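Trainee: Each chain is listed here by its residues.
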Amino acid sequence: MLDGEESLIKRAIKGGASAFGSLYDYYQPRIYRFVLIKVGRREEAEDLTHEVWKNAWQNIRSYKSVGHPFSSWLYEIARNQIVDYYRARKNETSLEKIDPNYFVAPAIAEFNVEERLEIERVGVAIQKLKPEYQDVVIMRFVEDMPAKEVATILNKSEGAIKLMQYRAIKELKKILNV
Amino acid sequence: MDLLKTLKKLKNIKADEGFTRKSRDLILATSRSAPLNTLNIWRIILNNFETGAALALAGLLIFMIMGGFSAWKFFSPLQISGLDQASLRAEAQAIDIQIQLTDLTYNEPLSLKLSESTQPTQGEIGTAPKSNVENKKSETGGAASPATSTSELSIDEALDKLGE
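Residue numbers (the numbering used here), protein chains in the order written: chain A, 1 to 178; chain B, 1 to 164.
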């Protein structure tokens, strides 16, 4: 959680662009990762991330902190945005034309070719999981978020999250044959 | 492949800096008022509609209570049929009469039938032998048969005869 987050949110609700900018700087990378791992395409992930933050900015007045972290609200917007994206995509393109084995790992200097291929392979495997398993894998193992926070974001119990993460990893290993 | 390790590596994914900067500037430059105004109009309309509907319903309820509305009176079956006690009684009596009349029409042929059915029986027992007797009388020239004579005797006479 960002230091002074509550104060930033209050200022952003009142229209403080700089306060919202600070929230953007802190949460944008993880929202982008979340979207990218789920959709697999960099351009689409950028478009969707932009839409998520635009929606957040335009609707921040409706945000009410009822014990949930601000990130849970952002993740909720992102999840809805992704659902809309897949719905629109389904209407536009036939399912045969969608390549399910597509995940482009962004060019990261510290990774060699082998690592990049490995990341791409895992990315493709994650996309084959159920959406809720994807969410758990990304939040728990990529973002290292505590189970309690994930439970709050996904509106489930902590026990359910632990069970889901076990099943998700098992499923992922099965897909990857590891 | 160590799956968990590879998953951790995914955390190094970062958005392009150029995109991040451009997106941030575009979002913060976006006026929140335009879409919110459209949203607000609908929200105001909805709120007004809700308030109006609530007030109208409350008013209607008060009007009905003040006007002596009674659910029982309104939904009473007596009111629906539009009948009073006297008309109900009259109707009940009319139904009874009809029943009696039907009984009468039913009993009349029955009594007739009964009388018809009893007459031949009497004839068989009483009149037919009588007619036979009469026939025999006519045949024998008026001599009464012992059966006829015994049948015509009273019990006392019969006892007297036996005593003799």
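Derived from the structure by calculation, the hints contain no laboratory data.
Every value quoted in this text rests on a predicted model; they were computed, and no experiment measured them.
Each residue gets a CB set at the ideal place from its N, CA and C atoms; glycine is no exception.
One or more of the hints may lead you astray.
Ranges between beta-carbon positions, derived for each pair [stated by the list, open to error]:
id : chain 1 : residue 1 : chain 2 : residue 2 : range
1  : B       : F49       : A       : V178      : 34 to 40 Å
2  : A       : V83       : B       : T30       : 21 to 27 Å
3  : A       : R89       : B       : A56       : 27 to 33 Å
4  : B       : R43       : A       : N177      : 52 to 58 Å
5  : A       : S18       : B       : E17       : 57 to 63 Å
6  : B       : F49       : A       : K162      : 21 to 27 Å
7  : B       : L26       : A       : S7        : 24 to 30 Å
8  : B       : L4        : A       : L2        : 58 to 64 Å
9  : B       : M66       : A       : R87       : 29 to 35 Å
10 : A       : K162      : B       : I65       : 54 to 60 Å
11 : B       : G67       : A       : Y86       : 56 to 62 Å
12 : B       : T30       : A       : L2        : 35 to 41 Å
Trainee: Now tell me, hint by hint, if it's right for this structure.
Mentor: These are the hints, each one checked on the structure:
no.: 1; hint: B/F49 to A/V178: 34 to 40 Å; verdict: violated, 58 Å
no.: 2; hint: A/V83 to B/T30: 21 to 27 Å; verdict: holds, 23 Å
no.: 3; hint: A/R89 to B/A56: 27 to 33 Å; verdict: violated, 46 Å
no.: 4; hint: B/R43 to A/N177: 52 to 58 Å; verdict: holds, 53 Å
no.: 5; hint: A/S18 to B/E17: 57 to 63 Å; verdict: violated, 20 Å
no.: 6; hint: B/F49 to A/K162: 21 to 27 Å; verdict: violated, 46 Å
no.: 7; hint: B/L26 to A/S7: 24 to 30 Å; verdict: holds, 25 Å
no.: 8; hint: B/L4 to A/L2: 58 to 64 Å; verdict: violated, 27 Å
no.: 9; hint: B/M66 to A/R87: 29 to 35 Å; verdict: violated, 53 Å
no.: 10; hint: A/K162 to B/I65: 54 to 60 Å; verdict: holds, 58 Å
no.: 11; hint: B/G67 to A/Y86: 56 to 62 Å; verdict: holds, 58 Å
no.: 12; hint: B/T30 to A/L2: 35 to 41 Å; verdict: violated, 22 Å
In summary, the structure is inconsistent with hints 1, 3, 5, 6, 8, 9 and 12 from the numbered list given earlier, while agreeing with the others.
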